[in-house]
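Visitor: Each chain is listed here by its residues.
2 protein chains.
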Amino acid sequence: MTYCLALRLNEGLLFLSDTRTNAGVDNISTFRKLHVLQPGDDRVFVLQSAGNLATTQEVLDLLRRDLATEGESLASVNHLFEAALYLGRLNRQVAASHQASLGADATATFLLGGQIAGERPDIFLVYPEGNYIHASDDLPFLQIGESKYGKVLLEVAVRQHVDLRTATKVALSSMVSTARANISVGPPYDAAIYRNGTLDVEEIRIEANSPYLSELGEAWFRHLLDGIHDLPPLPSELLPE
Amino acid sequence: MTYCLALRLNEGLLFLSDTRTNAGVDNISTFRKLHVLQPGDDRVFVLQSAGNLATTQEVLDLLRRDLATEGESLASVNHLFEAALYLGRLNRQVAASHQASLGADATATFLLGGQIAGERPDIFLVYPEGNYIHASDDLPFLQIGESKYGKVLLEVAVRQHVDLRTATKVALSSMVSTARANISVGPPYDAAIYRNGTLDVEEIRIEANSPYLSELGEAWFRHLLDGIHDLPPLPSELLPE
Chain A
1 MTYCLALRLN EGLLFLSDTR TNAGVDNIST FRKLHVLQPG DDRVFVLQSA
51 GNLATTQEVL DLLRRDLATE GESLASVNHL FEAALYLGRL NRQVAASHQA
101 SLGADATATF LLGGQIAGER PDIFLVYPEG NYIHASDDLP FLQIGESKYG
151 KVLLEVAVRQ HVDLRTATKV ALSSMVSTAR ANISVGPPYD AAIYRNGTLD
201 VEEIRIEANS PYLSELGEAW FRHLLDGIHD LPPLPSELLP E
Chain L
242 MTYCLALRLN EGLLFLSDTR TNAGVDNIST FRKLHVLQPG DDRVFVLQSA
292 GNLATTQEVL DLLRRDLATE GESLASVNHL FEAALYLGRL NRQVAASHQA
342 SLGADATATF LLGGQIAGER PDIFLVYPEG NYIHASDDLP FLQIGESKYG
392 KVLLEVAVRQ HVDLRTATKV ALSSMVSTAR ANISVGPPYD AAIYRNGTLD
442 VEEIRIEANS PYLSELGEAW FRHLLDGIHD LPPLPSELLP E
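Protein chains in written order, with my numbering: chain A, 1 to 241; chain L, 242 to 482.
FYI, nobody ran anything at the bench for these hints, they're computed from the structure.
If you're wondering where the values come from, they're calculated on a predicted model, not measured in any experiment.
Virtual Cβ for every residue (Gly too), placed ideally from N, Cα, C.
Take the hints with a grain of salt, since some may be wrong.
Computed beta-carbon distance windows for the label pairs [what the hints assert, rightly or not]:
| # | chain 1 | residue 1 | chain 2 | residue 2 | range |
| --- | --- | --- | --- | --- | --- |
| 1 | A | S236 | L | D346 | 52 to 58 Å |
| 2 | L | R463 | A | N131 | 35 to 41 Å |
| 3 | L | P474 | A | G71 | 44 to 50 Å |
| 4 | A | E70 | L | D267 | 47 to 53 Å |
| 5 | A | N131 | L | D346 | 22 to 28 Å |
| 6 | L | N251 | A | E207 | 36 to 42 Å |
| 7 | A | E207 | L | G359 | 51 to 57 Å |
| 8 | A | N196 | L | P473 | 23 to 29 Å |
| 9 | A | N131 | L | A449 | 32 to 38 Å |
| 10 | L | D346 | A | G103 | 37 to 43 Å |
| 11 | A | G103 | L | H470 | 42 to 48 Å |
| 12 | A | D26 | L | R463 | 54 to 60 Å |
| 13 | A | G197 | L | R463 | 32 to 38 Å |
| 14 | L | Q340 | A | E215 | 48 to 54 Å |
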C-alpha cells in the first residue's frame, strides 16, 4: 500500500509520499512514488502514485516517452487540467491493456500538481477512470492510498493560509501516524516543495534513520498522549466514581 | 457505517459505539449498536455490531429467543469464548439465510465482551465467518466498522494499566476524530463500562447535544492543532529558508 498527500497553500504546494510497496507481506520493497517532471521552462509537475506499481511505472514511462514526440504530452498541454486528463487517459489505457490478466488489480490513482506559467498552481486527484478532481478551497488537500489514518489532522490543520514550514510538520505528522497504524506505509519519505511562481521544485528525501523523523514522531505521539490528560474532566453522569 | 471499540483494562472493560446507520446517503437513521445482556447472576455480556443492520437485529433476536430454550444460549455457555463461538454461528447462519438475495452485503461483525463468574473478563472480535480473536495483551483494544481514523490514538494511549476514567477520554477522542473525518459515523454515542468482578454494567448514552461532547471535541481538535506548533523546528536541510 501507499500513503501520498498533497497540499495547496497560498505560499505554494507541498507533496509527501511514502516509499513502501508490497506484493504480499513477504515481498516488501522501497520504490519512489513521487516524481518531478519539468518538460519546459514554463511548467513543472509533481506526480504521486498509488495502486499497481507496474501500472504506475508504465504510465511514467509513457509520460516521458511522449515528451519526445510531437503529439500530446506534458510539454504540449496548455492547462494543468489538460495534464490531469492526459495522465488520466494514459492511466486508463495502461490498466485496460492489463485488465484481461489482472482485472481491477491493474488500476492506479495519481496526485498531480504543479504550475504552468500564467496559471494558478493547483493539485488534482486523477482517478483510475481517467477523470479528476481539484482540491477544495476549504480543505485544500488531497490524499491517495491509506488516507484514513492521517486524515483528521489534515482536516483540523490544513488551511490555505498555513505557511509551508507548518504545513510540512502537519504532513509529516499525518505520515508518521499512518505508518504507525499501518505496516504497509513506511519510510523513507519523499517530499517536494513548490513555492508559487518559481517554476522550480525542491525535492527532499527523509531517510528512515533521519534523527528529525524520530524526534518528530516521538514528540507527536507524546503530544497525543498528553492531550488526553488535558481534556476536560468527565462529568459524574458520564462516569460515576 | 459504524464505529465501535472495546478496551480491556486491568480495572475493567470499556465499550463505545456510535449510532448512525445509513442505506444510501438519503436514508440516515439512528440505531443502537451496543447491547447489554445479563442472562444470569453469574454473567454479563456487552455486544456491539457493525455491518448489515437487519442481520445484527436478527442475530440479537435469536440470542434473546435462545435464552428461553433448553439448548445452547448465552445462559448455558460455560466460557466466554464459547459465547463468542455461539454468536459467530448464529451470525453465520443469519447471513447465509439471506445470501441468495444479498450476497456478502448480509454479513455483520461483532464485538463481544463481558465476564462469566470465575473467569477473566475479556473482549472478542467475532468475524462474519464465525471465528473470533481476543484483544492482544500489548494493545488491549478491538475495533469494528470505520476503524482507521481513530486507530493511532488507541495505539498510543491504550495499555492495560490505564484507568477507566482516562480510557473513556481516549475512546471518546477516537470517536469524535472518526466522526469528524467520516460522515457515516455520528452521535449519539453509547458507552458501557464494566468494572471487573461486579457482574454489572453501567450504560451511558451521550447525546449529540451533550455539552461535554462539544467541550471534549473542541479541546481535542485544538490540542491536535497546538501539537503542530510544539513539534521540533524543521532542520534547514529539510526545508531551506
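Visitor: Look at each hint and say if it fits the structure.
Guide: Status of the hints after comparison with the structure:
| no. | hint | in the structure |
| --- | --- | --- |
| 1 | S236(A) with D346(L): 52 to 58 Å | violated, 42 Å |
| 2 | R463(L) with N131(A): 35 to 41 Å | holds, 37 Å |
| 3 | P474(L) with G71(A): 44 to 50 Å | holds, 47 Å |
| 4 | E70(A) with D267(L): 47 to 53 Å | holds, 50 Å |
| 5 | N131(A) with D346(L): 22 to 28 Å | holds, 27 Å |
| 6 | N251(L) with E207(A): 36 to 42 Å | holds, 39 Å |
| 7 | E207(A) with G359(L): 51 to 57 Å | holds, 53 Å |
| 8 | N196(A) with P473(L): 23 to 29 Å | holds, 27 Å |
| 9 | N131(A) with A449(L): 32 to 38 Å | holds, 36 Å |
| 10 | D346(L) with G103(A): 37 to 43 Å | violated, 21 Å |
| 11 | G103(A) with H470(L): 42 to 48 Å | holds, 47 Å |
| 12 | D26(A) with R463(L): 54 to 60 Å | violated, 43 Å |
| 13 | G197(A) with R463(L): 32 to 38 Å | holds, 34 Å |
| 14 | Q340(L) with E215(A): 48 to 54 Å | holds, 52 Å |
Against the hints set out earlier in the document, violations occur for numbers 1, 10 and 12.
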